[in-house]
Amino acid sequence: MSANEIKRVIIIGAGQAGGETAQRLRQGGFEGDITLIGEEPLPPYQRPPLSKKYLAGEFGMDRLLLRPANVYAEENIALLTGTRAVWIDRAGKRVRLEGGRELAYDALVLATGARPRKLSLAGADLAGVHLFRTAADVDAMMPAFKAGAKLVVIGAGYIGLEGAAVARQMGLEVTVIETAVRPLARVTSPEVAGFFLDEHTRQGVRFVLGGQPAVIKGQDRVRAVGLADGTEIPADIVLTGIGVNPETTLAQHCNLKAENGIVTDAFCRTDDPAIFAIGDCANRPIAHYGGRQCRLESVHNAIEGAKIVAATILGKEAALETPWFWSDQYDLKLQIAGLFTGYDHVVFRGVMADRAFAAFYYKGAQLIAVDAVNRPAEFLGAKALIHKGLTVTPEVIADMSRPMKEIVAAAG
Amino acid sequence: MPKITYIEHSGKEHVVDAPDGQTVMEAAVKHAVPGIDADCGGACACATCHVYVDPEWLEKTGEASSMEQSMLDFANDVETNSRLSCQIKVSAALDGLVVRLPKSQH
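Chains as they are written, first to last, in our numbering: chain A, 1 to 412; chain B, 1 to 106.
For the record, the hints were derived by calculation from the structure and aren't laboratory data. None of the values given here were measured: they were computed from a predicted structure. Be careful, since some hints might not be right.
With a Cα cut of at most 16 Å, we get these calculated EDC-like pairs of lysine to aspartate or glutamate [said to hold, decoys possible]: (1) K405/A with D73/B; (2) K405/A with D95/B; (3) K30/B with E75/A; (4) K89/B with E74/A; (5) K30/B with D62/A; (6) K3/B with D95/B; (7) K89/B with E13/B; (8) K333/A with E68/B; (9) K30/B with E74/A; (10) K89/B with E63/B; (11) K405/A with D77/B.
Some but not every residue of chain B turned toward chain A, in silico, with C-beta under 10 Å [as the list claims (entries may be wrong)]: (12) A32; (13) P34; (14) E79.
Here chain A is said to cover these stretches of chain B; the calculated rule only asks that three of the stretch's residues, wherever they fall, bring their Cβ under 8 Å from a Cβ of chain A [what the hints assert, rightly or not]: (15) 20-29; (16) 35-46; (17) 90-99.
Idealized CB from N, CA, C, for every residue including glycine.
Required output: the full structure, derived from the provided sequences and hints.
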C-alpha cells in the first residue's frame with residue numbers, strides 16, 4: 001500500500017513507542033485518523049524515571065507524562081486508555097477491542113511492549129511482592145518505601161540496581177539476590193559489573209550472588225525470602241526485576257512471525273505489510289550492526305521505531321542513531337552507546353577509582369560499544385564514532401592527555 | 001506562572017507558561033514546541049534539548065555543570081550561550097526568558 005492510501009492508523013500500546021508514533025505522525029503532517037489504544041489507565045508516560053526520580057518522590061505524575069493528557073484531543077488523536085485490544089483480523093484489517101467494538105485500519109502499529117517476568121515461587125502473590133514496570137507498580141510499593149524498612153531486590157539488572165540505589169538513599173535496608181555470580185551479567189562486562197557491585201556494597205547494599213530464591217514467606221504479607229540453601233532473608237518489601245518477555249500474544253494469534261519479539265524488517269514492517277511492530281515487543285535489524293536482528297528494551301529503541309514508522313507512513317526516510325541507553329545509580333550516571341554483545345576485548349579510559357571512566361568494547365579492530373560512567377564526552381564521542389563506522393586504536397583511547405572531542409575529530 | 005519564549009530556527013515564536021520547578025525543556029516538550037527532542041526526558045543523557053539562551057538572561061540561568069558542558073561539546077553549532085534546556089530550572093526569576101533553538105538536535 002502506498003503511503004497516501006493510508007487514512008486510518010491504529011496503534012496498539014500507549015507507551016513511549018506508541019505515543020511518539022502518534023505525535024510524529026501528526027507533526028509530520030498526517031491528516032488521517034489516529035487511534036492510540038493502551039491497557040494502562042494513563043496517557044503515554046516515561047518509564048525510565050519509575051525506578052529513579054519517581055520512586056524517590058522527586059518527580060510527580062505530571063512530570064512523568066510524556067505530554068499533557070489534553071494534547072491528544074487537541075491533535076485529534078483518539079486516545080483509548082484502559083482499553084485492551086483482543087483480536088486482529090488481518091484479512092479484514094480490523095482490530096477488536098475487549099467488549100466487542102471493532103475498528104478498521106489501513107496501517108496497524110503494534111507497540112505492545114513487554115511484560116515483567118513473575119517469580120514462579122510459592123508466596124509470590126503475597127502483599128508486598130512487587131513487579132517494577134508500570135506507574136501503578138511503583139505507586140503500590142511507595143507507601144512501604146520508608147527508612148528502616150527491609151527491601152529484598154530479586155534480580156541484579158539495571159532496574160533492580162536502580163531500585164536498590166533509591167532505597168539506600170531513602171534509608172532502607174537492602175539485600176539484592178541474583179542467581180548469576182555477578183550483577184548485570186546480561187548487560188555489561190565483568191569489569192564494569194564489578195565496579196557497580198563495589199559501589200553498591202560501599203553504599204551498604206548486601207548481595208547474595210549465585211542465590212536461588214525458593215519461597216516467599218509470610219501470612220498476609222511478605223515476611224522473608226527463603227533461598228534454596230535454607231537461608232532466610234527478612235523482607236518487608238520484595239521487588240522483582242528478573243527481566244521481561246516481549247508481549248506478542250496478539251501478534252501470535254494472527255500468525256505474525258514472532259521469535260524473541262515480533263520480527264520486522266528495517267522499516268519495522270512485520271511479515272504483513274500493513275502491520276508494523278516497534279519498541280520492546282519488536283525484533284528488528286539494527287543498521288549499525290550489519291543488520292543484526294535485535295530486540296532492544298530502551299527509550300532510544302522506542303523513539304527510533306516511532307520515527308521509522310511515522311516516516312514510512314508519510315513516505316519519508318528516518319534518520320537512524322547508534323543504539324544508546326542510560327542508568328542512574330547514586331551520583332553515577334552510566335551512559336551506554338552501541339551494543340557490546342560479541343566484544344573480544346575492552347579498553348579503559350580513566351580509572352574506576354575516580355568514579356569517572358569509560359569502558360570501550362572492541363570486536364577485532366572495530367569499536368562496537370562504550371559504557372561511560374560520569375564520562376559524557378566519552379559516551380557521545382563513541383556514539384558518534386560508531387554511527388560513522390569509525391574506530392580508534394586502544395592506544396589512542398587510553399591516552400587521557402588527548403580530549404575525547406579531539407580523538408573523534410581526528411578519526412575522521 | 002513564568003512565561004518562556006522559544007524561538008525556532010525558522011524564527012517562529014512560541015510563548016509558553018512554564019510551571020515553577022519544572023525545566024525549560026519540559027515546558028517546551030509539554031507544549032509541543034518543535035525543535036527540542038529531549039529523547040531522554042531530562043536525565044542529561046542525550047544532549048537533544050540544546051538551546052541558545054538570550055544573552056541578557058545568561059546571568060540568571062547560571063552556568064552549565066561540567067557534565068552538561070561535556071555533553072554540549074558534542075552538540076551541533078555550539079555557542080558560548082548554549083545550554084541543555086533540561087538543566088535549566090524554571091523559577092519566577094526566569095519569567096520572560098527567551099531561548100533560541102538550533103537548526104537540528106541530531
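Structure-based check of all given hints:
1. Between K405/A and D73/B the CA atoms are separated by roughly 7 Å; this keeps the pair inside 16 Å, and the hint holds.
2. Distance check on the hinted pair: K405/A and D95/B sit about 35 Å apart at the alpha-carbon level, beyond 16 Å; violated.
3. Taking the CA atoms of K30/B and E75/A, the gap is near 13 Å; set against the 16 Å cutoff, the hint holds.
4. Distance hint between K89/B and E74/A is unfulfilled; the C-alpha atoms sit about 27 Å from each other, more than 16 Å.
5. Distance hint between K30/B and D62/A is fulfilled; the C-alpha atoms sit about 10 Å from each other, no more than 16 Å.
6. Proximity of K3/B to D95/B is assessed by CA-CA distance (about 5 Å); at most 16 Å being required, the pair is judged to hold.
7. Our distance criterion of 16 Å between C-alpha atoms is broken by K89/B and E13/B, whose separation comes to about 21 Å.
8. Between K333/A and E68/B, the direct Cα distance comes to roughly 12 Å. Compliance with the 16 Å bound is thereby established for this hinted pair.
9. Straight-line distance between C-alpha atoms of K30/B and E74/A comes to about 13 Å, which keeps the hinted pair within the 16 Å bound.
10. A hinted pair counts as satisfied when its Cα atoms are at most 16 Å apart, and K89/B with E63/B qualifies at roughly 12 Å.
11. Of the pairs offered as hints, the one joining K405/A and D77/B holds, with about 14 Å between alpha carbons and a cut-off of 16 Å not exceeded.
12. Here the hint on A32/B is kept, as its CB sits about 7 Å from the closest CB of chain A, short of 10 Å.
13. A least Cβ separation of about 7 Å between P34/B and chain A falls short of the 10 Å threshold, and the interface hint therefore holds.
14. A least Cβ separation of about 16 Å between E79/B and chain A goes past the 10 Å threshold, and the interface hint is therefore violated.
15. For a cut-off of 8 Å, the count of residues in the stretch 20-29 of chain B with a CB near a CB of chain A stands at 3, and the three-residue condition holds.
16. Chain A is given as covering the stretch 35-46 of chain B, and this holds because 7 residues of the stretch bring a CB closer than 8 Å to a CB of that chain, at least three being needed.
17. With 0 residues carrying a beta carbon less than 8 Å from a beta carbon of chain A, the stretch 90-99 of chain B misses the three-residue requirement, and the given coverage is violated.
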